[in-house]
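Model the full assembly from the supplied sequences, consistent with the hints where possible.
If you're matching positions, the sequence shown starts at 0 in numbering that gives the first Met the number 0 and goes up one per residue.
FYI, nobody ran anything at the bench for these hints, they're computed from the structure. By construction, the Cβ of each residue, glycine as well, lies at the ideal position given by its N, Cα and C atoms. Certain hints may be false.
Said to hold, decoys possible - With a straight-line cut-off of 27 Å between C-alpha atoms, the simulated DSSO-like cross-links for lysine-lysine are:
#, residue 1, residue 2
1, Lys196, Lys160
2, Lys184, Lys135
3, Lys196, Lys135
4, Lys150, Lys196
5, Lys136, Lys60
6, Lys166, Lys136
7, Lys184, Lys166
8, Lys166, Lys196
9, Lys184, Lys141
10, Lys160, Lys150
11, Lys150, Lys135
12, Lys141, Lys82
Stated by the list, open to error - Okay, the calculated beta carbon distance ranges per label pair:
#, residue 1, residue 2, range
13, Pro154, Pro83, 14 to 24 Å
14, Ala55, Arg21, 37 to 47 Å
15, Val34, Ala146, 40 to 50 Å
16, Ala146, Ala67, 36 to 46 Å
17, Gly182, Thr36, 40 to 50 Å
18, Ala23, Ile62, 37 to 47 Å
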Amino acid sequence: MQKVAEGNSVIADEGATYYDYREATILGEIDEPPVLTESRYPVLADESYRYSENVAERLCKMITPGNANNYCFIVDFSNIISKPKRNRWIGYTIQSLPMGDWRTFVNENYALEFQYMTDWNIQCINLEITNTRIGKKLCRRKLQLSAEEQKFSLPLGKYIKSVEDWKAVNEICFVFFPEECVGQKGSVFITDVVLIKE
Numbered sequence: 000m001q002k003v004a005e006g007n008s009v010i011a012d013e014g015a016t017y018y019d020y021r022e023a024t025i026l027g028e029i030d031e032p033p034v035l036t037e038s039r040y041p042v043l044a045d046e047s048y049r050y051s052e053n054v055a056e057r058l059c060k061m062i063t064p065g066n067a068n069n070y071c072f073i074v075d076f077s078n079i080i081s082k083p084k085r086n087r088w089i090g091y092t093i094q095s096l097p098m099g100d101w102r103t104f105v106n107e108n109y110a111l112e113f114q115y116m117t118d119w120n121i122q123c124i125n126l127e128i129t130n131t132r133i134g135k136k137l138c139r140r141k142l143q144l145s146a147e148e149q150k151f152s153l154p155l156g157k158y159i160k161s162v163e164d165w166k167a168v169n170e171i172c173f174v175f176f177p178e179e180c181v182g183q184k185g186s187v188f189i190t191d192v193v194l195i196k197e
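Dropping the structure here:
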């Protein structure tokens with residue numbers, strides 16, 4: 000969102016323009032979706048955080064082998080006991096997204112894509128895309144895992160009717176629900192996570 004202001008200062012260098020609104024009078028805002036200049040935007044794990052509820056944090060660890068848009072989750076639920084009435088999860092939120100406003104990705108029919116697989120017996124992982132500003136999960140998908148690499152593709156153009164919800168995408172989350180993985184362990188590989196023009 001771009002501000003229209005009177006009495007502000009602007010500083011620019013070769014890489015960015017900085018606006019100082021500290022002593023300015025804000026006259027309004029221009030709400031325009033960003034202009035995309037690339038056909039492919041990697042989703043890097045530079046800013047990623049583990050979060051959990053009722054699960055020991057040592058049961059899930061994330062590393063980024065090779066490129067920062069490759070994620071490996073090492074999980075061990077081999078000693079987890081089934082407690083179906085208890086709310087439990089553990090996962091990682093990726094917050095270093097190419098940009099927060101995804102409306103142009105939706106309008107121009109980009110897709111969120113990656114490959115995924117496991118090396119052991121973990122059966123599933125969940126993907127969530129969130130707009131925390133409006134408190135909404137924009138997308139939830141359960142991915143069934145196998146030792147054979149599979150491709151995930153989420154065409155964002157199918158969300159055109161709710162494009163305004165995509166104005167503030169805060170995070171992509173990869174989540175394990177222990178109840179779905181009782182007695183399982185292994186590594187889950189999510190590779191080449193990108194937003195790509197279809």
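Now the hints, each set against the structure:
no.: 1; hint: Lys196 with Lys160; result: holds (19 Å)
no.: 2; hint: Lys184 with Lys135; result: violated (30 Å)
no.: 3; hint: Lys196 with Lys135; result: holds (25 Å)
no.: 4; hint: Lys150 with Lys196; result: holds (16 Å)
no.: 5; hint: Lys136 with Lys60; result: holds (23 Å)
no.: 6; hint: Lys166 with Lys136; result: holds (13 Å)
no.: 7; hint: Lys184 with Lys166; result: violated (37 Å)
no.: 8; hint: Lys166 with Lys196; result: holds (18 Å)
no.: 9; hint: Lys184 with Lys141; result: holds (17 Å)
no.: 10; hint: Lys160 with Lys150; result: holds (26 Å)
no.: 11; hint: Lys150 with Lys135; result: holds (26 Å)
no.: 12; hint: Lys141 with Lys82; result: holds (20 Å)
no.: 13; hint: Pro154 with Pro83: 14 to 24 Å; result: violated (34 Å)
no.: 14; hint: Ala55 with Arg21: 37 to 47 Å; result: holds (45 Å)
no.: 15; hint: Val34 with Ala146: 40 to 50 Å; result: holds (42 Å)
no.: 16; hint: Ala146 with Ala67: 36 to 46 Å; result: violated (25 Å)
no.: 17; hint: Gly182 with Thr36: 40 to 50 Å; result: holds (48 Å)
no.: 18; hint: Ala23 with Ile62: 37 to 47 Å; result: holds (44 Å)
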